[in-house]
Every structure is written in structure tokens, then in C-alpha cells.
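Chain W is fixed; fit chain B onto it per the hints.
First to last, the sequence lines map onto chains W and B.
Count along the first sequence starting at 1, add 364, and that's the number in my numbering.
Count along the second sequence starting at 1, add 145, and that's the number in my numbering.
Since the hints were derived computationally from the structure, they do not count as laboratory data.
Since the structure is predicted, the reported quantities are computational estimates derived from the model, not experimental observations.
In this text, a Cβ means the ideal position worked out from N, Cα and C, and glycines have one as well.
Just to be clear, a hint being listed does not mean it is correct.
Stated by the list, open to error - Straight-line alpha carbon distances no greater than 30 Å define the calculated DSBU-like cross-link-like pairs of lysine-lysine that follow:
#1 B:K221 - B:K190
#2 W:K382 - B:K221
#3 W:K379 - B:K221
As the list claims (entries may be wrong) - If you only want the chain B side, here are some residues facing chain W, beta carbon under 10 Å, derived:
#4 W152
#5 R155
#6 H193
#7 R195
#8 H196
#9 A210
#10 L244
#11 Q245
#12 G267
#13 T283
#14 L285
What follows is the residue order along each chain.
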Amino acid sequence: MLLFRSEEWVDVWCKRNKLERGEMLSLQQVWELSKLWYGNRMSLDYHGRSMEQVAEVFRQAGLMSKFWYV
Amino acid sequence: MDESLVWQGRHFVYSHFAETTRPPSVDETAAHFGISKEEASKLYKELHNRHALFLDLDKVAIRMANPFSGIPTDFKVHANGKTYFANCAWDMLGIPAALQCDAVIDAVCTESNDTVRLEIKGGQIISHQFTNPQSTSTQLLIHFPIPFARWYDDLVFT
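In isolation and in its complexed conformation, chain B is listed as follows:
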């Protein structure tokens, strides 16, 4: 496959996420590049094989282009007048880092189910507060369950 198309395809997927908050379908990518649906599917699979995005292979649909999620999650990022879904607690911070913008993040703590709002402004985390009134302030943690060397063994779990 043409290398230029591969990287233009990656860039198109990310730009589409940034503009619309959702991944482009195979049909949309085919139309954008003037290629067939089969060629666009091959492009997606090539990007998947290179870990540039993660496909739901049954549907040939983009599940993740980290930090963006193609499906709803517990990590909502409000930025640039839009609401994005992040794949995980790391990626909720990854979206304002990637877009280099301010953001308000609504997230849910695992197990305790506390709801939290974070604000990113001017390249800094300026606040985090629980939005359920019974919770008191605490130092939030992000847990990385498995070492880097095994992240790509099961990306959905990671």
C-alpha cells in the first residue's frame, strides 16, 4: 500500500474525530480519497496493523484512534464547543493534549462511582472536584494495570 496514503489516511481519521467527535466510516474515507470501499477497508486494516488505530474488525469500524473513542465511555471531554469520548482515564487528558486546547472533563471513578469534573486551562489542570455532593476532595489516581510491554496484547483491556 502506498505509504503516503497510509499516513494521509491516519491524518484524515484524526482530523475527522477532531471536527465531528466521531470516526469516519469506511464510506466517508473512500469518498474523501476517491478510492473504493474495499481500498478504504484495506487502508483501515493497514492502520490497525500498524497500531495507528484500533478497529472493530467484524464491522471494519474504528473503535479507537487514541485518545479518541468511537464509542461512548465514562470519560467525556468538552472542548472547542464539542463533546468527545476518551478511551480511558489517560486518554481523557490525552484529548486536550492532542488538540492543545482548554477542556472540561466529566469522568466516573471506577468502583466507587464518584463523578468528577476536571478543568484544563492554559496547559494546566486548574481544578478537579467531585460532582456528587456526598464525596469529599481527595487525590485522584489513574491506575495502569499492565506494563507497557504488554499494552498491545489486548488493547481494549489496556
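Bound conformation, chain W alone:
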């Protein structure tokens, strides 16, 4: 996942790499996702996530489009 200063630069990158545009999120959206995704990563009790748990993280982060289907 890469950082861009604007949508125009995303399009430049996609064209150069012959890829369709994926999903673009704001810093704030990714920060909220990060806290849900990585908040317990340092714990000894973290053993990964089931697909159901992944879907719940995306739901809590408001990521509901087909792109985020598990």
C-alpha cells in the first residue's frame, strides 16, 4: 500500500504498472483500520484471525465494499 499526494498520482502509478485503480483511503481511515488491525499484535495471545474476524474488523472500519470481501 503506497502513499500518494492526490488521485492524479495514483492514476499515473496505475497506468505505469498497467493496473486498475484499487481502493483509496484517507490517512484517517487507515489510522482507524490500523488500530483495529494491529492494536493487539504485540500480545502473546494474538494467534492470527479467522476470516469472520477479518470481516468484522473491516466492518468496524467502515470498509464494506466488494473490495474488502473476505
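Same frame as chain W, now just chain B:
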């Protein structure tokens, strides 16, 4: 392989990253658990197979334990008096989220090569500003190029 060792191994790798900013070598992990180098290599491969970390399989060296990177990248995270490398623009935010600490992040925008500094404080992004003087303020974006269902097809690209 013993399940307890697997998860203790995962925890050791993450704790080592947090403390030193780099992944433990196979030798360091073997010494920590009092096991042979071959057993430590097997442990790393088991964690790789479970997507708990990502190995450079040729060297049996840890390339990623997300959000931490085992190699230098364009995403530097200054936190707790140390400088970490994140794997990507998501993971640069993932490091302060994982460590639950304040951070200053220096990153490079793809294609435009603008340099940006972000500050995380008290669980919030409190600022982001370009550090190259010719750039003006804008809404930064993080691009996720491929859907979740395909993230693990090629983790380096993802």
C-alpha cells in the same frame, strides 16, 4: 511442531522488533529458546506458512512481521526513541497502533516523490505536512491496489 513454541516464537519476533527495530536472526531465536538452528529455521517456516511473518526463504531471514519491515523502506517511524521501518503506507500507521505509542513518521509519496511528516499523539493523527518546501498542503491518500482476497498471493507487491 509444539503450538506453544509457535506462538511464543511469534511473540519473540515481535518483541525483538519492538526493542531493537530489527528482526531476530535464526541464531538469536535458537539461542533464546535453547533450540538448534535447524529447529529455529523450522519455527520460522511454520510462522511463514501461517502468515504470521514473511520470510526471505533463500536466506531464512525475516523480511516482514507486519507492520515491521526487516529491510529499509520509504516509511520511517520514529517512536519510543527508536526508528523503525514499516512495510508500506498502511504499516507506517500500524507501528504506532501496534506499539500504542506516539510517533513521528517520515514518508515519501509515490510518483510525486514529495516527502511528508506525520505526527501521531494521544491516539490521534495530529498533523501531516510536506517537508519539501515546494509542496502545498493536500489530502493524502493511501492506495490499496488489490482486493483483500488476493493480498496473500504476492505479499511483497501487496
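Against the structure, the hints:
1. B:K221 - B:K190: Holds, at about 27 Å.
2. W:K382 - B:K221: The given pair, whose Cα atoms are some 28 Å apart, holds under the 30 Å limit.
3. W:K379 - B:K221: holds, 27 Å
4. W152: Given a least distance of 6 Å, the restraint on W152 of chain B holds.
5. R155: holds, 8 Å
6. H193: With a minimum Cβ separation of about 13 Å from chain W (threshold 10 Å), the hint on H193 of chain B is violated.
7. R195: Cβ of R195 of chain B sits 6 Å from chain W, so the hint holds.
8. H196: holds, 7 Å
9. A210: Holds, because the Cβ-Cβ distance from A210 of chain B to chain W comes to roughly 9 Å (cut-off 10 Å).
10. L244: Where the cut-off is 10 Å and the nearest Cβ of chain W is about 7 Å from L244 of chain B, the hint holds.
11. Q245: This hint holds: Q245 of chain B lies near chain W, its Cβ roughly 7 Å from the closest one there, short of 10 Å.
12. G267: With Cβ-Cβ at 12 Å, over 10 Å, it is violated.
13. T283: With a minimum Cβ separation of about 5 Å from chain W (threshold 10 Å), the hint on T283 of chain B holds.
14. L285: holds, 5 Å
Checked against the numbered hints above, the structure violates hints 6 and 12; every other hint is satisfied.
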